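There are 2 protein chains.
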Amino acid sequence: MIESPGAQRRRVPVSFVAGVTGLWRIERITAVRGQSLPEAVRLDRIENEHPPTGTFHWTLRGVTSNARYTDRSENSRLEAVQEGLNRPSAKRAALIPILKTPEWWDLPQDERRAIFEARSGHISLGLEYLPAVARTLYHCRDLGEPFDFLTWFEFAPEDADRFEELVRRLRETEEWRYVEREVDIRLARE
Amino acid sequence: MIESPGAQRRRVPVSFVAGVTGLWRIERITAVRGQSLPEAVRLDRIENEHPPTGTFHWTLRGVTSNARYTDRSENSRLEAVQEGLNRPSAKRAALIPILKTPEWWDLPQDERRAIFEARSGHISLGLEYLPAVARTLYHCRDLGEPFDFLTWFEFAPEDADRFEELVRRLRETEEWRYVEREVDIRLARE
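Chains as they are written, first to last, in the working numbering: chain L, 1 to 190; chain U, 1 to 190.
Treat the hints as calculated values from the structure; they're not laboratory data.
All values derive from a computational prediction rather than experimental measurement.
It is possible that part of the hints are untrue.
[Stated by the list, open to error] Stretch by stretch, here's where chain U covers chain L in the computed footprint (C-beta under 8 Å, at least three residues): (1) 57-67; (2) 103-110.
[To be verified] Residues from chain U that keep clear of chain L, each with C-beta distances beyond 12 Å, as calculated: (3) T30; (4) A31; (5) A40; (6) P88; (7) E175; (8) R177; (9) A188.
The beta carbon of each residue, even a glycine, is placed where N, CA and C say it ideally should be.
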């Protein structure tokens, strides 16, 4: 949901692979809007590598890319406070793939930016939950995937309630009216 | 170079296939900055289809996508004056693939926009040459291709000098300092 500053602006390919193996145990898959994704038991987030050719139920591909909306001061604030993925304490995660409406993509850049931050407070909202909730945004619109974005969040079990609050508040924004399809996949690791 | 408004904001995949067959005869391939592309005799621009699996020298892939910088009034001005590709009179074309520097992509959105239009006049410059020069911008940065953009221009032989002027003026802008690799491929059809 929030754009990833710093090194994550570079292109890093990712594959989310759902099946019977993987680091993360899938706790639930919920269709928030539109069609859900098939059930699976485990999920892996694989960066920088070719996706496995073995057996899996489904896979979603994306890439980290340049920031599309944040200005310099917002980037600086995000970089100052956020923490990276893979923290030992982050035993919970969420993968939330999102497809926005054609109407959203037909908006010019300045109007998308105005809805994104001035009227929805996307960046400032996310900042309230840093560094507890670490996140990365993967783009997949240009790849011909079924979603436009793959949003990935990691947090400690004790921050799970705060994460629910963040997701709920984001879904109440004007920006979210432009979401056509959203699936919420919750994960845990031991 | 100029972003494509209207229907071209939707995702349309393209492959440029260079080899010994194709609609367009390659007149010359020039490395403007960085490494060139291998020589070839003919080129095809194939939209909406899988690229051919036959013999070819090289292929470049891209997609039309949403506009990244233009505001609503700029979109309207572009839409009012531009014409589509494939005009019978457009017997000349140019394919100019461009890779921008990491420094460019690390800039926040507002600073890229300021360089793009306020200081380089990218949109207003292109408007001066419409509708004579029709163009489409394909994105390929997220696809893991060797370039960030594939810019495609079509024009009548009598507008060739004006096209040279447009390209020369664009290369003199501040924005062009962020170009790391650029190849200029000139084409003609009968």
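So, going through the hints one by one against the coordinates:
no., hint, in the structure
1, 57-67, "holds (count 4)"
2, 103-110, "holds (count 5)"
3, T30, "holds (27 Å)"
4, A31, "holds (23 Å)"
5, A40, "holds (26 Å)"
6, P88, "holds (30 Å)"
7, E175, "holds (15 Å)"
8, R177, "holds (17 Å)"
9, A188, "holds (30 Å)"
In this structure, every one of the numbered hints holds.
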